[in-house]
Amino acid sequence: ARGRLIEIPFDKIISITREKLALIIPNAIGIQTAEQKYVFGSFISRDSTYKKLVTIWKVNQDALSGSLGVDLDIADGVLGHSNSGDITESDTTEDDLNTDEQLGRILTGGLGKREV
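Just so you know, we're using UniProt numbering here: the sequence shown kicks off at 1 and counts up by one.
There may be inaccurate statements among the hints.
[To be verified] DMTMM-like cross-link-like pairs, simulated, lysine to aspartate or glutamate; straight-line CA separation at most 20 Å:
#	residue 1	residue 2
1	K37	E19
2	K52	E19
3	K51	E35
4	K51	E19
5	K58	D47
6	K20	D47
7	K20	D62
8	K58	E7
Please keep in mind that the hints were generated in silico from the structure rather than gathered at the bench.
Turn these sequences into a full structure, and let the hints guide you.
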């Protein structure tokens, strides 16, 4: 359904996958929890959003397991694309900029529920 807000805690996520709508259009992301699979569609820049979600999910998993704290330098590299030489201008859209801002708030706001 359009316009619904779904909050999925990162610690409940089992996997994040690239998905296709109508089996041919590669513009969706799947999030699997123990109870349900969610598929979010109509991403203009699915691959960059997917990479950001997976990276932040892994940082969260590491922080929860106690193996490391949330390293904001790593997060800044992910959100700002500063450590990636393979990002082109066409990979960064207005959607990415809004997503970067939202993900930045997630990282600095603690490890509670996350908006996806």
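Comparing the hints with the structure gives:
1. For the suggested pair K37 and E19, the alpha carbons sit about 12 Å apart, so the restraint of at most 20 Å is met.
2. Proximity of K52 to E19 is assessed by CA-CA distance (about 16 Å); at most 20 Å being required, the pair is judged to hold.
3. For the given pair, K51 sits about 23 Å from E35 by alpha-carbon distance, which is inconsistent with the 20 Å threshold.
4. Taking the CA atoms of K51 and E19, the gap is near 13 Å; set against the 20 Å cutoff, the hint holds.
5. Between the alpha carbons of K58 and D47 the distance comes to roughly 16 Å, so the proposed pair stays at or under 20 Å and holds.
6. This hinted pair checks out: K20 and D47 have alpha carbons roughly 12 Å apart, not beyond 20 Å.
7. Taking the CA atoms of K20 and D62, the gap is near 29 Å; set against the 20 Å cutoff, the hint is violated.
8. A distance of roughly 18 Å separates the Cα atoms of K58 and E7; the hinted pair therefore holds under the 20 Å criterion.
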